[in-house]
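Colleague: Chains A and B, in that order, give the protein sequences.
Residue numbers for the first sequence follow our numbering, beginning at 1 and rising by one.
Residue numbers for the second sequence follow our numbering, beginning at 429 and rising by one.
Treat the hints with caution; some may be incorrect.
[What the hints assert, rightly or not] Pairs of lysine-lysine, DSSO-like flavour, derived with a Cα cap of 27 angstroms:
{"#": "1", "chain 1": "A", "residue 1": "Lys372", "chain 2": "A", "residue 2": "Lys23"}
{"#": "2", "chain 1": "A", "residue 1": "Lys62", "chain 2": "B", "residue 2": "Lys490"}
{"#": "3", "chain 1": "A", "residue 1": "Lys47", "chain 2": "B", "residue 2": "Lys490"}
{"#": "4", "chain 1": "A", "residue 1": "Lys62", "chain 2": "B", "residue 2": "Lys451"}
{"#": "5", "chain 1": "A", "residue 1": "Lys23", "chain 2": "A", "residue 2": "Lys62"}
{"#": "6", "chain 1": "B", "residue 1": "Lys789", "chain 2": "B", "residue 2": "Lys854"}
{"#": "7", "chain 1": "A", "residue 1": "Lys62", "chain 2": "B", "residue 2": "Lys475"}
{"#": "8", "chain 1": "B", "residue 1": "Lys795", "chain 2": "A", "residue 2": "Lys23"}
{"#": "9", "chain 1": "B", "residue 1": "Lys634", "chain 2": "B", "residue 2": "Lys606"}
{"#": "10", "chain 1": "B", "residue 1": "Lys576", "chain 2": "B", "residue 2": "Lys490"}
{"#": "11", "chain 1": "A", "residue 1": "Lys148", "chain 2": "A", "residue 2": "Lys62"}
{"#": "12", "chain 1": "B", "residue 1": "Lys595", "chain 2": "A", "residue 2": "Lys148"}
{"#": "13", "chain 1": "A", "residue 1": "Lys178", "chain 2": "A", "residue 2": "Lys167"}
{"#": "14", "chain 1": "B", "residue 1": "Lys854", "chain 2": "B", "residue 2": "Lys824"}
{"#": "15", "chain 1": "B", "residue 1": "Lys795", "chain 2": "B", "residue 2": "Lys824"}
{"#": "16", "chain 1": "A", "residue 1": "Lys47", "chain 2": "B", "residue 2": "Lys475"}
No wet-lab data here; the hints were simulated from the structure.
Protein chains: 2
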Amino acid sequence: MKKHTLSQLGARAEDSPISWLMKAALDRPELISLAAGFTDNATLPLKITREILDGILGSSSKGRSALQYGTTQGDLTLRRLTARRLYSLDFPEISPENPPVSSYSAGNIVVTNGSQQFLYLLSEALYDPGDLILVEDPTYFVFLGIAKSLGMHCRGIRMQADGIDIKHLEEQLEGLRKSGEIRRLKMVYLVSYFQNPTGRNTTLEKKKQALDLVRRYESHAGHPIFLLEDAAYRELRFSGAPVASMLSLDPHQERVIYTGTYSKSFATGVRVGFGVVPDSLLSTILRIKANHDFGSPNLLQKLMVEVLTGTQYESHLQAIQRRYLRKSRVMLSVMKKSFPASVHWDIPQGGLNAWVVLPRKWRTGLKSRIFKESLNQNVLYVPGNLCYAEDSGRRKPDHEMRISFGSASEPDIREGIRRLGRVFSKLQ
Amino acid sequence: MKKHTLSQLGARAEDSPISWLMKAALDRPELISLAAGFTDNATLPLKITREILDGILGSSSKGRSALQYGTTQGDLTLRRLTARRLYSLDFPEISPENPPVSSYSAGNIVVTNGSQQFLYLLSEALYDPGDLILVEDPTYFVFLGIAKSLGMHCRGIRMQADGIDIKHLEEQLEGLRKSGEIRRLKMVYLVSYFQNPTGRNTTLEKKKQALDLVRRYESHAGHPIFLLEDAAYRELRFSGAPVASMLSLDPHQERVIYTGTYSKSFATGVRVGFGVVPDSLLSTILRIKANHDFGSPNLLQKLMVEVLTGTQYESHLQAIQRRYLRKSRVMLSVMKKSFPASVHWDIPQGGLNAWVVLPRKWRTGLKSRIFKESLNQNVLYVPGNLCYAEDSGRRKPDHEMRISFGSASEPDIREGIRRLGRVFSKLQ
Chain A
1 MKKHTLSQLG ARAEDSPISW LMKAALDRPE LISLAAGFTD NATLPLKITR EILDGILGSS
61 SKGRSALQYG TTQGDLTLRR LTARRLYSLD FPEISPENPP VSSYSAGNIV VTNGSQQFLY
121 LLSEALYDPG DLILVEDPTY FVFLGIAKSL GMHCRGIRMQ ADGIDIKHLE EQLEGLRKSG
181 EIRRLKMVYL VSYFQNPTGR NTTLEKKKQA LDLVRRYESH AGHPIFLLED AAYRELRFSG
241 APVASMLSLD PHQERVIYTG TYSKSFATGV RVGFGVVPDS LLSTILRIKA NHDFGSPNLL
301 QKLMVEVLTG TQYESHLQAI QRRYLRKSRV MLSVMKKSFP ASVHWDIPQG GLNAWVVLPR
361 KWRTGLKSRI FKESLNQNVL YVPGNLCYAE DSGRRKPDHE MRISFGSASE PDIREGIRRL
421 GRVFSKLQ
Chain B
429 MKKHTLSQLG ARAEDSPISW LMKAALDRPE LISLAAGFTD NATLPLKITR EILDGILGSS
489 SKGRSALQYG TTQGDLTLRR LTARRLYSLD FPEISPENPP VSSYSAGNIV VTNGSQQFLY
549 LLSEALYDPG DLILVEDPTY FVFLGIAKSL GMHCRGIRMQ ADGIDIKHLE EQLEGLRKSG
609 EIRRLKMVYL VSYFQNPTGR NTTLEKKKQA LDLVRRYESH AGHPIFLLED AAYRELRFSG
669 APVASMLSLD PHQERVIYTG TYSKSFATGV RVGFGVVPDS LLSTILRIKA NHDFGSPNLL
729 QKLMVEVLTG TQYESHLQAI QRRYLRKSRV MLSVMKKSFP ASVHWDIPQG GLNAWVVLPR
789 KWRTGLKSRI FKESLNQNVL YVPGNLCYAE DSGRRKPDHE MRISFGSASE PDIREGIRRL
849 GRVFSKLQ
């Protein structure tokens, strides 16, 4: 299609690497995919969902309400339950009935089609082409697709084992201040819980430092700079201590925007996500959501209301946390046996992914020998370079890989890692 | 929020009149709403949905597949069933197993969150601020919200009882050719079946004339001009003969884009819609959809697969068609008794809406005496002027109203229309 038919956005939109990877997996059913961000099929809550939907649709009032349009913002009970849940995750020792701070208000929650749609709505609300965002380096690669299509410019903040490198954040902000580009900086985006792709968890101290820094530099921007905390994997914590969200650091919710989802923690086929939005952005987000779809499917929202009201959500969570703990440990133990000593990784405390760092001279990209050789061995991973934003300030690292223990079975994880080990051993 | 924080799109986005009308209805539970575009609560398919979901979730393979992520484009079986259904609606006499023309290919169908999301995706793919679209005058008002936020410029094509005024379409195209503005014209948007808001149905002859005209003028544009047929209400036909879609007129699907939905015909709480997209736009739409949500909820798609596979869809359709026929006839008969002779309306053959035309000097807008007096009488309608695009070429008519027989009960329809009649009688 000629460029002048498509909009600028249409012309900028690129094929997501996800599509390519999914196609590769579909084309070769014998492939062991350690690339898919799917959850574990065996953990999907068939029984709970069946019982709850049967109850909803067996009641004429509940059933009719579930099969009718809802509101653009989303079901009020679901928003209330979500607000309470967030509050009790942040302040487990205080009763969630009456949160003392306004950051946990159902009125500020918007229900979306997964947290992905929230990322899109928010980006549309804030970004004109050429505007700037600071992202983790590496970051969630589907977000980079949004950024690309909207013409957003990204700058990467280096990651450490416990979250972004605060010093590098400060350097970047200072650089933007000096160049004047800070006037186009709208937001800092942090995937703070068991990050996709690295699995790393950001400490509360770092969250606080990031918020303080951004507040300090805001006067140079001439407008608010928001902090977007993407907590998609938060509930998939299987070890380590819980960490409060940035909402807990911004009691009047002026600068922190939070997004979460029940896709990962309950069922990916249900796709109920949400955003928690400051008052100053709420009406804009709702107007854009009204244009997108004037509300997410009501039946799925009513399902999540019942799931969250009973005890099933907690017991389901505990079961999947146990399972991912075991699968991650299986993966790490086989990696230890099968990978050469020059290959490194962190031990994830949650989420679905491990991040593997190879010697710098080894390439892992789609055209690399390692990727091709892995495909020949029928094993698929996500090349690390797909997770880095376009940022002229540094070369994209190309010696890393995201390996998921989410959807593959234990035997497949063992076999897949062994095969990767054989690919590496040829390069020694 | 200051304008320089929001994007241009964010700043342009306006509150949907829907939000205002919904709030008015929520604030006054005693209100009779003839404004809501909801379907009839009593027709919602509780039993069918319950049985089918129970079957899906009772099978471990079907259930797991339904609760897992699907693909960005949507479930292949659902797309195949949809393609076949469209083909058999257009060519009822020919076997739908092997459609002889490529416009009915599952490969060109994208599953979306209602047809509304498809309208959004397509608009994003084609429109830069300042680009032009021709729309019916009046047209679907939530589409006007999209147009406004994306900075699209609209020109209205006058409506007649059987669809757009083809002569006026030609005049508009000729005017755009002369002014050179045709270079910014991307699309003609027709809500061709039981149009929202007027209930009017476009004849196949007019569809053909529109397509021919647009093809004739395309060379002046320098790029394709697409025809978007919005068939959201197509399956709600309760009288009159069926009309084939524009897909039947474009055998290689070069210029016709089609959107439909199972929201209206099955359940609004399920929100499974779709678009049928020419090859030339398909990858762009899929890329944008990947950024929005990388696929609609799989559970609802699997539900629709089972609904369409069995006989339940047809029997459900027949039941709701009968019901809407009866409700529309009740409405019309009370209108005949209660409204003065100076008030006119068409007899709808489908859909959920009747369009009422008052004498020109009577105003119906949100600030009009009629609207306020109606609210005082606890009855709500959609002011006609909300359904007209911003078009400097004509004054917005302000003497019409959309009255829905979709969601209100028969007694409420009778009482609501009588109250409107009393409001009118005071103006005589």
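Colleague: Evaluate each hint against the coordinates.
Modeller: Hint by hint, here is what the structure shows:
1. A:Lys372 / A:Lys23: holds, 15 angstroms
2. A:Lys62 / B:Lys490: The given pair, whose Cα atoms are some 25 angstroms apart, holds under the 27 angstroms limit.
3. A:Lys47 / B:Lys490: holds, 13 angstroms
4. A:Lys62 / B:Lys451: holds, 21 angstroms
5. A:Lys23 / A:Lys62: violated, 40 angstroms
6. B:Lys789 / B:Lys854: holds, 14 angstroms
7. A:Lys62 / B:Lys475: holds, 13 angstroms
8. B:Lys795 / A:Lys23: violated, 55 angstroms
9. B:Lys634 / B:Lys606: Distance ~24 angstroms between lysine 634 (chain B) and lysine 606 (chain B) Cα, so the pair holds.
10. B:Lys576 / B:Lys490: violated, 42 angstroms
11. A:Lys148 / A:Lys62: violated, 42 angstroms
12. B:Lys595 / A:Lys148: Violated, at roughly 43 angstroms.
13. A:Lys178 / A:Lys167: holds, 16 angstroms
14. B:Lys854 / B:Lys824: holds, 25 angstroms
15. B:Lys795 / B:Lys824: holds, 15 angstroms
16. A:Lys47 / B:Lys475: Between lysine 47 (chain A) and lysine 475 (chain B) the Cα gap is close to 19 angstroms, so the pair holds against 27 angstroms.
Figure legend: structure checked against the earlier numbered hints; hints not met, in rising order: 5, 8, 10, 11 and 12.
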